[in-house]
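*Asks:* Between the sequences and the hints, there should be enough to build the whole structure, so can you do that?
Listed below, chain by chain, are the residues.
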Amino acid sequence: MDIDSRHTIDASRLIGCPKCDKVYKARIPGPGQHASCVRCGTKLISRRNLVGSSILALSIAVFVLVVSATFAPFLSIEAAGLSNKVSLLNVATSFRSGVLILVSVTMVFAILAIPAIRMALLIYVIAPLEFGLPPTRHARTAFRLADRLKPWAMAEVFSIGCAVALVKVSDIAQLEFGAAFWMFVAVSTLMILSDSYMCKWTIWQAIEDSQ
Amino acid sequence: MTTAREMGLVICTSCARVWPGHLRRCARCGHRLRSRPAASLQWVWAFWVTGLVAYIPANLYPMLVTSTFARDQSNTIVGGAVEIARHGDIWIAAIVLFASVVIPVAKFVAIAYLALSVQRGSIHSTHGRHRLHETVEFIGRWSMIDVFVVAILSALVQLSSVASVHPGPAALTFALSVIFTMLSARSFDTRLIWDPLRPRHPRAA
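Protein chains in written order, with the numbering used here: chain D, 752 to 962; chain U, 11 to 215.
It is worth saying that the hints were derived from the structure and are not from the lab.
Wrong hints could be hidden among the right ones.
Covered by chain U, according to a simulated footprint, are these stretches of chain D (three or more residues, beta-carbon under 8 Å) [to be verified]: (1) 783 to 796; (2) 809 to 822; (3) 866 to 878; (4) 887 to 896; (5) 931 to 942.
One-sided and incomplete, this derived list gives chain U residues near chain D with beta-carbon spacing under 10 Å [said to hold, decoys possible]: (6) His41; (7) Ala80; (8) Asp82; (9) Val88; (10) Val92; (11) Arg96; (12) Leu142; (13) Val157; (14) Leu166; (15) Ser171; (16) Leu207.
Calculated from the model, a selection of chain U residues having no Cβ within reach of chain D, i.e. all distances over 10 Å [what the hints assert, rightly or not]: (17) Ser50; (18) Thr60; (19) Ser77; (20) Ala95; (21) Ile100; (22) Ser127; (23) Ser132.
The beta-carbon is built from N, C-alpha and C at its ideal position, and this holds for glycine as well.
*Replies:* The following block contains the structure:
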């Protein structure tokens, strides 16, 4: 991948590395391969990805799972004849006193709202492209927002947090996993799958081409 | 191989589309186009200082308050780990200390090092520093584990007189510290690491 003479710049045929500012002539790699920045190694285009319909299916699945996991029984505990049952929403809002409420707000966003919003945005953007319809009116803003929200969706971090908490509790009490627990494990796995197999550049190109 | 700035172009940091340098907004994704945002390092330092300030009370105040039959016990992050170690679980104590002390401190040091090296125009180990930034960005969100564990324990362990767990004020300041270090790492413009490698050229004709 190299650049033609500087005098014949057609910016639409170039791709830039957003991480180190190198410019390349965009050349779509063969199926199963990916194009990375030669200088800093940032992945630019990937053909090892899933097709749009798989991403769409994954997004719908994750969205449905997050919404239903919110209210279903998550975990229950039993010790010395006493028991307690909690939902995911109970866990996310367990900071109740004074300013600690802010932590509850952060948690509701990080583990429930942002994952659900991101998936809804991806469905909104990808569904029309997949069915050959013109892109939705705010597709550009929606896809950009979905990308910016990515680091703040912390479902998989929460799953590992569950594992740590369970190790701590298992000595003193008996635990039972509810349906929401398994749904959330699925949410984390599917989200990692869909994020690592989605090529941003391909979708941007599709949005640009269909406009 | 040339950089966009040397060619008088600008790359959209959101969608990787290349545009003529004078454009202000990406026509493909709508993101603001800026070749090298002038204030990016100031944002890095501002978030860094805020994160550090929040990290101090996160270590001084209790993270978790456990009430059992007769007594209340509050534990700071380090205190909790020491307590676990006293019970004999050296490895779990080590993991807790690593996740909530070693990693956060290492993140502060790493971001400060990156910002200072860029300010001095260093040309050493550009690849190493680029990878360091990637690592800091990747690890950042995982520090929230501590806050999540406190949330799960305080929601779950509510067994009236037998045992109950409540979150302490450190949970808030620790969460804030994590969020601000994430923002600090995200504000860092990695292009600045690579810029000093070549003398600046005048814009291409």
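*Asks:* Does each hint fit the structure? Answer for all of them.
*Replies:* Structure-based check of all given hints:
Closer than 8 Å: that is the beta-carbon criterion, and the segment 783 to 796 of chain D has 5 residues meeting it against chain U, so the requirement of 3 holds. Counting residues of the segment 809 to 822 of chain D whose C-beta sits closer than 8 Å to any C-beta of chain U gives 0, which falls short of three, so the coverage hint is violated. Residue count for the segment 866 to 878 of chain D with a Cβ under 8 Å from a Cβ of chain U: 0. That is fewer than the three needed, and the coverage hint is violated. Coverage of the segment 887 to 896 of chain D by chain U holds in this model, with 4 residues showing a Cβ closer than 8 Å to a Cβ of that chain against a need of three.
Counting residues of the segment 931 to 942 of chain D whose CB falls under 8 Å from any CB of chain U gives 0; the rule of at least 3 is not met. Taking 10 Å as the C-beta cut-off, the interface hint given for His41 (chain U) holds, the closest approach to chain D being about 6 Å. The interface hint given for Ala80 (chain U) is violated, since its Cβ lies 15 Å from the closest Cβ of chain D, which is over the 10 Å cut-off. A hinted interface residue such as Asp82 (chain U) counts as satisfied when its beta carbon comes closer than 10 Å to some beta carbon of chain D; here the least separation is about 15 Å, so the hint is violated.
For Val88 (chain U), the shortest C-beta to C-beta distance to chain D is roughly 17 Å, which exceeds 10 Å, and the interface hint is violated. The restraint placing Val92 (chain U) at the interface with chain D is violated, with a minimum CB-CB distance near 15 Å, outside the 10 Å limit. Because the closest C-beta pair between Arg96 (chain U) and chain D is about 14 Å apart, greater than 10 Å, the hint is violated. Nearest Cβ of chain D to the Cβ of Leu142 (chain U): about 12 Å, over the 10 Å cut. The hint is violated.
Hint status for Val157 (chain U): holds, given a least beta-carbon distance of 7 Å to chain D, under 10 Å. Contact between Leu166 (chain U) and chain D, as hinted, is supported at the beta carbon level, the nearest pair being about 5 Å apart and thus within 10 Å. With its C-beta approaching chain D no nearer than about 8 Å, Ser171 (chain U) sits inside the 10 Å limit, and its interface hint holds. For Leu207 (chain U), the shortest C-beta to C-beta distance to chain D is roughly 9 Å, which falls under 10 Å, so the interface hint holds.
At roughly 13 Å, the least C-beta separation between Ser50 (chain U) and chain D is larger than 10 Å, which holds for a residue marked as non-interface. With a closest Cβ-Cβ approach of about 15 Å to chain D, Thr60 (chain U) is found to remain outside the 10 Å limit, as its non-interface label requires. Separation of Ser77 (chain U) from chain D is adequate, the least Cβ-Cβ distance of about 13 Å exceeding the 10 Å criterion. Ala95 (chain U), annotated as away from the interface, keeps every beta carbon of chain D farther than 10 Å; the closest lies near 14 Å.
Under the 10 Å C-beta cut-off, the non-interface status given to Ile100 (chain U) relative to chain D holds; the minimum distance is some 15 Å. Listed as a non-interface residue, Ser127 (chain U) keeps its Cβ farther than 10 Å from every Cβ of chain D; the least gap is roughly 15 Å. Residue-level check passed: Ser132 (chain U) sits 15 Å from the nearest beta carbon of chain D, beyond 10 Å.
Checked against the numbered hints given earlier, the structure breaks hints 2, 3, 5, 7, 8, 9, 10, 11, 12 and satisfies all the rest.
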